[in-house]
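**Student:** Next come the chains, spelled out residue by residue.
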Amino acid sequence: MASEFLPILVLMTVSAVICAAMVTLSWVLGPKKTTPYKSSPYECGVAPQGDAKERFPIKFYLVAILFVLFDIEVVFLWSWITVFKDAPLDFKLFSGAVVGVYMILWIIGDAYVMKIGALDWDEATSLAPEKLLADAEAARAALPAPVPVRQGGL
Amino acid sequence: MSYQPIPTIDWWAIAPVSIVMVTGIVALLIEMFRPNRNNNTIVAVSLVGLFLAGLSVVPQFSMPFGSSFGGMVVRDYLGLVLQLLLITVCFVAFLFSEPYLREKRIAFAEFYQLALWASAGGMIMVTTENLLMFFLGLEVLGIALYCLTGMCRQELRSEESAMKYFLLGAFGTAFVLMGIAYLYGPTGSLRIDAVSIAVASDQPHFVLMALFGFGLLLVGLCFKSALVPFHQWTPDVYQGAPTNVTAFMASTSKIAAIGALIRVLAAGAPLVSYWFPIMFWVAILSMVVGNFAALVQKDVKRTLGYSSVANGGYMLVAVLAHVQAPEKVSLASTLFFITGYGVMTMGAFAVVSLAARDGKEGTRFQDLHGLWHRAPFAAGCLILFVASLIGVPPTVGFFGKMFIFNDALAAGLLPLALVLAVTSVVSAYYYLGIIQAVFVQEEGAVKNESGRPQAGLNLAVLLCALAIFGISLGAENVLKFMAPAEDGRQPVAERTVAQR
Numbered sequence: 007m008a009s010e011f012l013p014i015l016v017l018m019t020v021s022a023v024i025c026a027a028m029v030t031l032s033w034v035l036g037p038k039k040t041t042p043y044k045s046s047p048y049e050c051g052v053a054p055q056g057d058a059k060e061r062f063p064i065k066f067y068l069v070a071i072l073f074v075l076f077d078i079e080v081v082f083l084w085s086w087i088t089v090f091k092d093a094p095l096d097f098k099l100f101s102g103a104v105v106g107v108y109m110i111l112w113i114i115g116d117a118y119v120m121k122i123g124a125l126d127w128d129e130a131t132s133l134a135p136e137k138l139l140a141d142a143e144a145a146r147a148a149l150p151a152p153v154p155v156r157q158g159g160l
Numbered sequence: 006m007s008y009q010p011i012p013t014i015d016w017w018a019i020a021p022v023s024i025v026m027v028t029g030i031v032a033l034l035i036e037m038f039r040p041n042r043n044n045n046t047i048v049a050v051s052l053v054g055l056f057l058a059g060l061s062v063v064p065q066f067s068m069p070f071g072s073s074f075g076g077m078v079v080r081d082y083l084g085l086v087l088q089l090l091l092i093t094v095c096f097v098a099f100l101f102s103e104p105y106l107r108e109k110r111i112a113f114a115e116f117y118q119l120a121l122w123a124s125a126g127g128m129i130m131v132t133t134e135n136l137l138m139f140f141l142g143l144e145v146l147g148i149a150l151y152c153l154t155g156m157c158r159q160e161l162r163s164e165e166s167a168m169k170y171f172l173l174g175a176f177g178t179a180f181v182l183m184g185i186a187y188l189y190g191p192t193g194s195l196r197i198d199a200v201s202i203a204v205a206s207d208q209p210h211f212v213l214m215a216l217f218g219f220g221l222l223l224v225g226l227c228f229k230s231a232l233v234p235f236h237q238w239t240p241d242v243y244q245g246a247p248t249n250v251t252a253f254m255a256s257t258s259k260i261a262a263i264g265a266l267i268r269v270l271a272a273g274a275p276l277v278s279y280w281f282p283i284m285f286w287v288a289i290l291s292m293v294v295g296n297f298a299a300l301v302q303k304d305v306k307r308t309l310g311y312s313s314v315a316n317g318g319y320m321l322v323a324v325l326a327h328v329q330a331p332e333k334v335s336l337a338s339t340l341f342f343i344t345g346y347g348v349m350t351m352g353a354f355a356v357v358s359l360a361a362r363d364g365k366e367g368t369r370f371q372d373l374h375g376l377w378h379r380a381p382f383a384a385g386c387l388i389l390f391v392a393s394l395i396g397v398p399p400t401v402g403f404f405g406k407m408f409i410f411n412d413a414l415a416a417g418l419l420p421l422a423l424v425l426a427v428t429s430v431v432s433a434y435y436y437l438g439i440i441q442a443v444f445v446q447e448e449g450a451v452k453n454e455s456g457r458p459q460a461g462l463n464l465a466v467l468l469c470a471l472a473i474f475g476i477s478l479g480a481e482n483v484l485k486f487m488a489p490a491e492d493g494r495q496p497v498a499e500r501t502v503a504q505r
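Which chain is which? The protein sequence lines are P and U, in order. Residue numbering for the first sequence follows the numbering used here, starting at 7 and increasing by one per position. Residue numbering for the second sequence follows the numbering used here, starting at 6 and increasing by one per position.
Worth flagging that the hints you see were computed from the coordinates, not collected in a lab. Please note: incorrect hints may appear among the correct ones.
[Claimed, not checked] DMTMM-like mimics (lysine to aspartate or glutamate), calculated; alpha carbons at most 25 Å apart, straight line: (1) P:K121 to P:E79; (2) P:K65 to U:E164; (3) U:K303 to U:D207; (4) P:K98 to P:E79; (5) U:K169 to P:E79; (6) P:K38 to P:D57; (7) P:K121 to U:E36; (8) U:K365 to U:E103; (9) U:K365 to U:D241; (10) U:K333 to U:E164; (11) P:K91 to P:E79; (12) P:K65 to U:D241; (13) U:K303 to U:E165; (14) P:K121 to U:E115; (15) P:K98 to U:D15; (16) P:K65 to U:E165; (17) P:K91 to P:D77; (18) P:K121 to U:E103; (19) P:K65 to U:E103; (20) U:K169 to U:D304; (21) U:K365 to U:D207; (22) P:K59 to U:E164; (23) U:K333 to U:D241; (24) P:K59 to U:E165.
[To be verified] Partial pick of chain U residues on the chain P-facing surface, computed with a CB cut under 7 Å: (25) I11; (26) L33; (27) M37.
For glycine and all other residues, C-beta sits at the position ideal for the given N, C-alpha and C.
Sequences and hints are given; from them, build the entire structure.
**Tutor:** So, in structure tokens, the structure goes:
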């Protein structure tokens, strides 16, 4: 049983050695003449400005999560449809009921997301006033005093 | 192509879980339309739904026990009692949550839906012998609790605790899932008795894999039930979460995790010689670390958090006694203690939740000073809850600890019994500290700004207080009800052994 996988082990070892050699050798042998310009983050790009640690809106994450959910839904439905086509009647009824329940829950959840305006990116219109107020207070409380952005560059 | 046969369906067995789930969905629909701009309708619907779910559990005690849905759902005493308990705990939490949420200015009505779903997840966990169903319940419970922990968005502490809970909880979940995978590998079974199958196969490497998987499963479960050395998240999360969530989480999560732990440990009987010494030390460490760390806390919620770790240790002693000698020691005292724990924890946290006012909340000991002036009834009941947590005689806490002590002795686990007794005495010190904080009113004490109790809170506290006396007065009957050995129904450990 062990000998069966021996070639794979050999392959992994050889590739590890080659990778390590490539990285190490170029690091050891390569010439190192640094200039300030060379060691800037983007040697060939625009000089960076400001601080990297900034707060930024993460609204896309909701879209991403919803996308994953819809993806999963399709995976379930697709496999079910494939089996459903020529299944006996009792299986059709049973699995149909199960998928029906699943879809109802799905639709309710989706309607909830729409109704509370989770996809509406303009928060002034989407959030209930008391939520907006609470969030604004929270944001004020959470943020440190504003600091002027340092001008970066070379 | 072959089709899976349609499994036998026992609608009663899933009725409680379904009712709680559907109640959550109905509450969500109400939240979508928000007819009155307040949560009163949601609370009312949730309470009615929980009541119905409780009603649907009761007739099942006289129905035939066994599994349905192809082994996904199981009906037995353990599951039914714990389901009833989870429903009750959720009910009490809802009674005092609304005033608290208003005082704390938390505009997050999804509390009720998420809490209902978390309860349903816990109920799934305690009524299944299928590892995947168990995992599903764990996740439904866990994810809902992560959101609830962070629902106080004004407070950085709440956010921080949600983050910690989420990261560490995801870690624990990963352990559980890896454990299930390693149990499935050698046996091809997702049932909880995969360990027995692996041992029966007589293949050493199968047994080794099952042992590894079982170990991972135990790590994950100890994590969820906050046993030392997997307890580090507990005090931070208990302190950071809004108090009503802490109360709900302390009870629900512990009840569900210990319920699952009972089944898993009972199913792990073939490997008992490997894991027993480890769990033995986990129990001792939980009791010692929980109680001694609680001594030096300055925050009531942290103290209660460590006390919950210690109580987990007591429960583990009872479970170990049952697994060690299933023919002599029934699960009754475990269930009795868990019930008592749920009631007294809910009560204590309900009173502590009075510390919130006008969007602020202080839960250090000095923030509770003079509480008895403004809320004499709640403060009076707090004495009762604390007395029960210490284990003063006529309360349920005393009987629970006494039964566990006797069980441990009967199973020949003298060291555990002794540690339990000694650490219980130690615990009196910090519990009395809570009482002292409530009743002291010194010159120059921190000016107290806590809110006034409302009808819902008084009702919740009253229910808990009545339960503490009611259960302990009828201790004998409750114990008999929880372990009806005479009518031929086997306790969990014996049944699993019999299947093997």
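**Student:** In ascending order, which of the hints set out earlier in this document are inconsistent with the structure?
**Tutor:** The structure breaks hints 3, 5, 6, 10, 12, 19, 21 and 23; every other hint is satisfied.
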